[in-house]
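Q: As a plain string of letters, each chain reads:
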Amino acid sequence: MSPAPEDASVHRALGLSDDEYQRIHGLLDRHPNHLELAMYSVMWSEHCSYKSSKIHLKRLPTEAPWVLVGPGENAGVIDVGDDIAVAIRIESHNHPSAIEPYQGAATGVGGILRDIFTMGARPIAVMDPLRFGPLDDPRSRWIAEGVVSGVSGYGNSVGVPTVGGEIVFDETYKGNPLVNVLAMGVLPSERLVLGQASGIGNLAVLLGASTGRDGIGGVSVLASAGFGESSEDADKRPSVQVGDPFEEKRLLEACLELLDEGLVTGIQDLGGAGITCATSETASRGGAGMDVDVTAIHAREENMEPVELMTSESQERMLAIVEPKDLTRVIEISSRWEIEASVIGRVTDNGQLRVLNGFDGEVLASLPASTLHDDAPEYDRPLAPPRDLTERRSKDASQGSADCVNDLLSLLRDPAWVYSQYDHQLFLNTVVGPGNDGTLLRLRHPRTGEETGRGIALSTDGNHRWCHVDPRQGTAMIVAEAVMNIACVGAYPLAVVNCLNFGNPEHPEVMWQLSEAVDGMTEACIAFNAPVVGGNVSLYNETNAVDIAPTPVVGVIGMHPSLSVPPPVIGLPTDASLLVLGQVPEADVSMAGTQWAWEIGGCKDGTLPTFDLAQAVRTAAFIADAVQRQRLVAVHDVGEGGLAVAAAEMAIDSGVGAQINYHNDHISMFNESGGRVLAVVQDELLDAFMTDASEHEVPVREIGRTGGSSLTFGAEITVPLNDLENACRNELPEALGRGTISA
Amino acid sequence: MSCRVGVVRFPGTNCEFDTVDAIHSLGGEAEVLWHGDSSLKNVDAVVIPGGFAHGDYLRCGAIAKFSPIMESINSFAKEGGPVLGICNGFQVLTEAELLPGALQKNAGMKFLCSMQRIDFVSTSNVLGRHAKAGDRLRIPINHFEGNYVCSPEVLNQLEEENRVVFRYVDNPNGSIADIAGICNAEGNVVGMMPHPERATSPLLGSTDGTTLIQSLLIA
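Quick note, the sequences are listed as chains A and B, same order. Oh and the first sequence: position 715 is 715 in our numbering, straight run, nothing missing. Numbers given in our numbering equal positions in the second sequence, counted from 1, plus 1000.
Read the hints as simulated data drawn from the structure, not as lab findings. On a predicted model such as this, the values are computed, not experimentally measured, just so you know. From the three backbone atoms N, C-alpha and C, an ideal C-beta is built for every residue, glycine too. Please note that the accuracy of each hint is not assured.
[As the list claims (entries may be wrong)] FRET-style restraints, in silico, Cβ to Cβ:
1) B/A1102 <-> A/A688: 35 to 45 angstroms
2) B/D1037 <-> A/R30: 50 to 60 angstroms
3) B/A1102 <-> A/I526: 51 to 61 angstroms
4) B/V1169 <-> A/G453: 30 to 40 angstroms
5) B/V1169 <-> A/D687: 37 to 47 angstroms
One chain only, chain B, in its complex shape:
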C-alpha cells in the first residue's frame, strides 16, 4: 500500500515541491497542505519542509506555530502519526514544542549551504527502518539557524533515551553534541537540519536521503 504524505506549505516555505518530487520519485503519494487549513486530508504522514515560513520573522518558526494546521499536526503527532520536520520544519517543531530545544544562529554567523557527512546515531524512529545505527550519510545542509541548543538536562535525556538521531561528522554550525537531528520519546516525530530530499538522485551528488524518505513512506 502506498503511503500518502502531507507536505505543509506556509507562506515563505520553499522546499515543498522538492519534497513532493522526492516522495513521488520513491513511489509515494504527496499532498500539499495549506497552513491556513486545519484538515490533514487523511494523510498517513506529515512533512514540514524547509524554507522561511512567514519570512522567519520574529524568530524562525515562531509565527508558524500559530497557523491552524499546527493544531492538527499536534493532535496527529500525539496519536503517534509520523511527522518529519526538515530544516525550517525542525525549527517549527521546536517552537511548537513537539521537540525540545531550539535552533540558534550558526556559530560562524553565516548562512551555510554545503554537503555534510552525518552519522545515523539512533534508528529507533520513523526514519530508521532501512538503516542501522552507525551508517554514515552524505546529505546537504542549508541554513542560518541550525545551531542546536538545549539545557544540560534535556541533552542528558536525549542521550539516555537514544533520541539523538543524527550527528555531524564535522560540526558545521556549533550544535551541542554535534546534533543534526533528534526525535521525540515515541520516535514518531523527527526533526533534522540536513535536507534528505536534496540527496535523492545520482545527478545531485548523493542518494543517501532516499532511505530516510522511504522509511517514512512505510511508516
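Chain A extracted, bound-state conformation:
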C-alpha cells in the first residue's frame, strides 16, 4: 500500500477534522493511506453520516404495524394491503442546484428514483417542494427556471410523473435555494429487497453508466459546506454531476426485470460517495466483506486514479449482488436494455472492504467495512435558543398598514406555470394532481395492474415563516397541514418522510432549531399515528454565514379506503353555504409567521397562534370521512394567506364568487391559525352535517354564501373575480417566462 499522508493538510482538504483523523488512526491502528482517507472523508461527511443530526433524529417515532422498513435503508416501505407495499423517500439537492440549477435538480430526481427501485419498487410518483430567492432577484429567477426545467427534463424523460410539490419564493433562500424531491413506488410485497451483500463468493455487478470524474467530492465539498464568495462557488461546479435520463430509464427497466426474475440477492444504488458507499454499505449490512477490483470498473476516461473511481458520483449506476450461476442471465438482460455490466467485486467473509488493483493484484486499501458507517463520529453539538428569543416573541406581527384588497391580490399565486411543465398523468393513476390540496393516485396492483378500489394520497409541506417564529410548534403545524391536505382528498395518514433543511450545524441556534423541529414533528406524528419512515438532513444551507430560516419539509402519505368517484373539487358551486371547519382562532389571534406579516406588514417575529393538535386530529379525520362518504361538494385547506386566500383560490377555480359575512379586517382575513378547512355542503344535507360535526367535536361555522362574480368580505371589501384571476395566474409566467403562446 502507498505510504501514509504526512501532513494534516491532506485530511483537512478532504473535509476531515484532526479529531476525525485520529479516530480513523485508532480504528485502523495505523495511519490510513490517501485512498483510505478519501473513502472515510466521503462516508463520514455530514451528508452521508448524519453525524450532527443523528442524536436528535433518534427521538422521532418510527414504528407502526404497517411499517415494513423504517429509516436507515434506501427508502421507507409500508404495507398498504392486498400484498402491495409502497416505498417512499425524500431527499434534497440544494447545493448542486444552487451552482448548476438544471443538472442539480435533474440528478436530484435521478438519485431518488434509484433509491426507490433499489427496494424492488417501480417508481410511480415524484413530488418537488421547491424554494427560491425572491422573484425580483434575477439570479433567483435563473435558478428557479433552471430547476423547474431540470425536474421537467429529467422526470418526464425517465418516465415518472411529477404529481405535486410546492413553490415558495423568499429572501431567505437567495443564494441557497432548497430543491427537495420526494419519490414513491409500488411493489408486490414479496419482492422487497434490501441493499445487502451476503453469500460468500457472490459477485458485485456494477450496472449502468461508466464512471467518470464528475461529482467527485459532491457529498463532502459541496453538500457539507455553505456558500460564500461566488468565485469560489463557481469552482465547485465540477462537483455537480450530469444526468442522463435515458440511461436511467434503461437501468430502471433492467433492474426491475432482474428483480422480477429473482436474479439478485441484494441491490444498492450509487449516489453520494459512489462505489465506496455502495460496496461498504451492502457489505456491512450483510455482515460480510468485499473485495473490489478497481481495474474492472468501466470508466469514462482513461487513467482514472483509484481514488477517483472509488469516490466518483457519476449518475445512473447500480450495484447488484448476484450468485455466480445467475451472471450470464444478468448480463443478457442488461445487454437487451443496452446497459453495461461489470463484475467489480466479490463478497468475502472477513468483514474487510479491500480495494485491489486486479482481483489478484496489489491491495490499495483495506479497512473494516462497518467502520465507514457504524463508527462515523456522532456529535452532540452545542445548541442554544436565540439570545433575543423573549424579545422576538413579544412582538406584535399584526402591525403595518393593511390594504385588504391589494394585500389579497399580492398573496395569490397559481403554480400552474411550474406543474404544466411536468408530466403529471403518466401511469393513469392521477385522480387529483398538482395545484390542489393533496395529490390522489389510484392504487393498482404493481404486477397485474388490477385496481384495488383504493387510493394513495401524498402531500408535501413546509413553512419557514412558522418555523422561524417557533420551530417546534411550526413543525407540528406543517405536519398537521400536510395531513389536512390529504384529508381534503379523502385520505387518512399512514406515514411521514422528512427533509430537514437547516443552516450551519456549528451555529448553536441552528442546532436548537433542528432539535425543536424534531420535537414538534415527534409530537405531531404521534398525535396523527403516522411514524417517520425515512428522511434526509440538509445542513450548511447558508450564504456568507447567514443561515436560511429553518425549513423542515414533510411528505405525508395516506390511504383513501374506497375510491370510486373523484373527491370534491376546490372550486365553489353557486348558491351554497360556505363553511369553515376546525379550530376557532381567538378574537385577537396572532399574525406571527403569516405570509401577510412577512411580506406586507414587515414583521418576521412574534408568537404563533395557539395550536390545538388534538383538535386538528379530530378535524382531519372528520374531513377525510366526509370526503369518502361524498358529503362535501367542495373543500380546500386553509394555509398560507389564511381564509381570504383559500376562499379566493376556491372562487378562481370555478369562476364563482362568494359573500363572506364577517371577515373584513386583515387579521381575520389573513391569519394562519392552524387546522382549518373551507367546505361546501349541499343545503339539504347541512343540518345533518352540522349535527354530525358537533358529535365529533369539530367546530363548524357558516361564514357566507357562494355566488356572484366577486368575492366580498363584510360590507366594505369587494374584489372582482377577474382581478383575483389575473393576479393569481399572471405572476409566475410574467416573472419566469411564458410557457405557452396563448395570451
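Take the given structure of chain A and dock chain B to it, following the hints.
A: Just chain B, lined up with the frame of chain A:
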C-alpha cells in the same frame, strides 16, 4: 371478434403499459412488441405510444425509425393495416415518413402537460368510426415537441384531402393551422399529439379518449 393491438416498446418508451391498460379496459387484447424484433405477431392494429424512444436523442423519433420493427410497421401500413402514433409515436411516424411534416419544439419553448379541447375535424380514418366531424373532445397533451409544421403545399393537400383529423380549440404549442393530429391519404395511419389513453376513466377527468381507441379496436 376482439381485436389484437400491438403496442410498440422502444427503450425510452413510457406510455406502453398505459396504452395496454386502456385497450384492455375497452375489451381489446394487447401485445407489447419489442423494437428490436421484426415480427408484428399477427396483430390487427399497431399503436406506437408516447414516451422518449431512444431518449429522443438526436431528434425525436430520428433513431427509432431505424429499429427493426419499423420496417415491419412500414409494410403493415402500406398494406392498409391500422397504425396509430400517439405523441412520441406521431413524431416517429413523421420521421419514418409514414406521415408528412414534422413536430418541432413548442412555440413557448416549454414542456406542456395539460388538458386540451380538440375538435374532431375529419372522421374518415381509423379513429373516426364512432365519431362525427365537429365532435369536441377533452384529451390531455404532454409534450415538448408538439408544434406541427409542414410546407404550404403539404398543408394544402392535408386540408383538401380532409386529412386533418384533430385541431386544438386553444392552440397550446404553435402548430400550423391548429393541427393536433393528421392521417395518411388512405386514413389507416393516424398521428396525434394528445393522449387518448389518458382520457379513458371518469377518475382521470375525461372519457373522451375511449371512442378513439374503440374505433381502432374494430378497425
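Q: Taking the hints in turn, state whether each one holds.
A: To see whether the hints hold, each was checked on the structure:
Range check, B/A1102 to A/A688: Cβ separation about 60 angstroms, and the 35 to 45 angstroms hint is violated. A hinted range of 50 to 60 angstroms for the beta carbons of B/D1037 and A/R30 is consistent with their spacing of about 58 angstroms. In this structure the supplied range 51 to 61 angstroms holds for B/A1102 paired with A/I526, their Cβ-Cβ distance being about 59 angstroms. A beta carbon spacing of about 35 angstroms between B/V1169 and A/G453 agrees with the range 30 to 40 angstroms that was offered as a hint.
Taken as a hint, the range 37 to 47 angstroms holds for the pair B/V1169 and A/D687, whose Cβ atoms sit roughly 43 angstroms apart.
Hint check: a violation occurs at hint 1 only; the rest are consistent with the structure.
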